[in-house]
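Q: Please construct the entire structure, taking both the sequences and the accompanying hints into account.
Taken in sequence, the protein lines are chains A and B. Just so it is clear: in the first sequence, position 124 is 124 by the working numbering, and no numbers are missing. Just so it is clear: in the second sequence, position 14 is 14 by the working numbering, and no numbers are missing.
No wet-lab data here; the hints were simulated from the structure. The structure presented is a predicted model; accordingly, all values stated were derived computationally and were not measured. Heads up, some of the hints might be wrong.
[Said to hold, decoys possible] Pairwise CB distance ranges (calculated):
1. B:184 x A:82: 50 to 60 angstroms
2. A:10 x B:126: 13 to 23 angstroms
3. A:174 x B:297: 50 to 60 angstroms
Ideal Cβ positions, reconstructed from N, Cα and C, are used throughout, including at glycine.
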Amino acid sequence: MITVQKINVAIAGHEIIRDISFDILPGRFTVVIGVNGAGKSTLLNTLSGRNKRFDGRILWDKLPLHQMDIKILARRRAVLSQQFSPGFPMKVYDLVEMGMMAINEKVSPGDKKNKILQALNEVGMLRYKDRMFDTLSGGEQKRVLLAKCFVQLSDSDHHIKYLFLDEPTASIDIHHSYKILQLVKEKCHRENYGVFAIFHDLNLAAQFADQVLLLKSGELVYSGSPDQMFQPDILQSVLGINSIVQPHPILGCPHITTLPL
Amino acid sequence: MGAFQVDLKSLMGQSSTEFLASSQYFILMDIRLPRIVLAGLTGAGLAITGAAIQGMFRNPLADPSLIGVTSGAMLFAVMSIVLMGVILPSMTAFFQQSMVALFAFAGSMVSIYLVYFLSKKAGRTHIMTMLLAGIAITALTSAISGIFIYLSDEQQLRDITFWSLGSFGGATWTQVFIAGPIILIGIYKLNTYCHSLNAIMLGEHEAEYLGVAVEKVKTGVILISSLIVGVCIAMSGIIGFVGLVIPHFIRLIKGADYRFLMKSSALTGAIFMILTDDLARTIIAPAELPIGILSALVGGPFFLWLLMRSQKEQWLL
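A: Spelled out as structure tokens, the structure:
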């Protein structure tokens, strides 16, 4: 469990995150929602250990984040970035292989290869393993990067693994969005990953999230289950939108119909 | 090969005692061999440095001259040539050469120190600031070099020109024994960064996510690179082109994986430099072409051909 206790983040004198506390639970899909500039990315960067300047406490399974070695951290969490471009042309297989950098010394070459091929198979990209990454479509690239995250977390120690996703479905078509999120959800349940994701699509969030955090001007204004969070008055106050919320006819989760302002 | 014919056949024919006393033996062992070794070391050092710096900057156009190392060495070398002529006009050639080497090394260290610490803010090295600082330092040191060149007399001007075009002409075993360990250990250390440089290709943040201590890598690459380049420049003057082009040559053929790129750049750089130096010695024997001219003259067209070829293949794909 990642325990966030009263963290504050200021960048260049501006308060970006104010007094936020919550938990990320293993096996649960936590989604953070908020308008642009609400502090979502800063929150993700701070939790994942990239931004080291914050006040308050972040405990990773009872261990303070700032005491964790960069390599140990790399074995326990992976980050799927929103923007990604390798500096040089690179093969899909080689790119996924890089995910294993932090656990290299712990696996045999044969095991390593198996893990890479298995991860590529899981995301349905095995037949593209020898293609150049930059020739793939946006959706395919995201799946390859997800495979990279999976191999990064494939260390067989008994620590809980966390997966951070920064707008995983931004500029991805709806078919691939489902594909990516279902893969993550499955992994989250099967391997007990704690998932922390930034979302903009409310209906996708309602279908996949176990816990929803609503962020406004750097403050955590509401948090709870999708049923509790997706209500017209809450959505109006946090996101400034008019909406009707009905139960999804098949899935039963909230279904949000947005209306003009 | 070279201005003095060392004939392999006649070497074989002689008894060992005769051979050891002969001038051929002297030339082979004390002039040719250190020269070949130094050329190899320099080529390897410059090429692997180029690869490492390109990786660190994530910029295929980067080479040691970009971060001010070369121009700093140039300034100090020019300064020493001109000022020593004024202060100690009666010094020996050997003494002068040693001083120039020492100054060149000091110059590269001073300029890299300036560039590196200008670009360090809040514990992070800003690559963009570093490039710009490198350009500024280069401009500044070039201008001051210009002043000294303007003040220099005929002989000094020749020395400066000769030095700035590079040569292995004066190579001695002493040079090899000083430069060798530094360059070899440097190459070994740089090569240990190959995994990290691979990760940095994905971006600095991505590399950190993968567990790479990016700041440590950057500091290491900068310090070791400037040490290698400083030594190379001190021993044999400014030899451009190798650091920029050899890594690209390898990339075009075998791809950008640093696990392979670093080692093979060093090897290819060494071979390229030895061959080019052979050519430089023989092409207009008994005179010699400066190696800096020849390496660009030989390597340039070849690289262009390679570039055109790979572009054509990409169109076909």
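Q: With respect to the beta-carbon atoms only, verify the hint that residue 174 of chain A and residue 297 of chain B lie 50 to 60 angstroms apart.
A: The hinted range 50 to 60 angstroms holds for residue 174 of chain A and residue 297 of chain B, with Cβ atoms some 58 angstroms apart.
Q: For residue 184 of chain B and residue 82 of chain A, compare the CB-CB distance with the range 50 to 60 angstroms and indicate the outcome.
A: 43 angstroms, violated
Q: Take the C-beta atom of residue 10 of chain A and the C-beta atom of residue 126 of chain B, compute their distance, and say whether it sits inside 13 to 23 angstroms.
A: Because 20 angstroms falls inside the window, the suggested range holds.
Hint compliance for this structure: hint 1 alone is broken.
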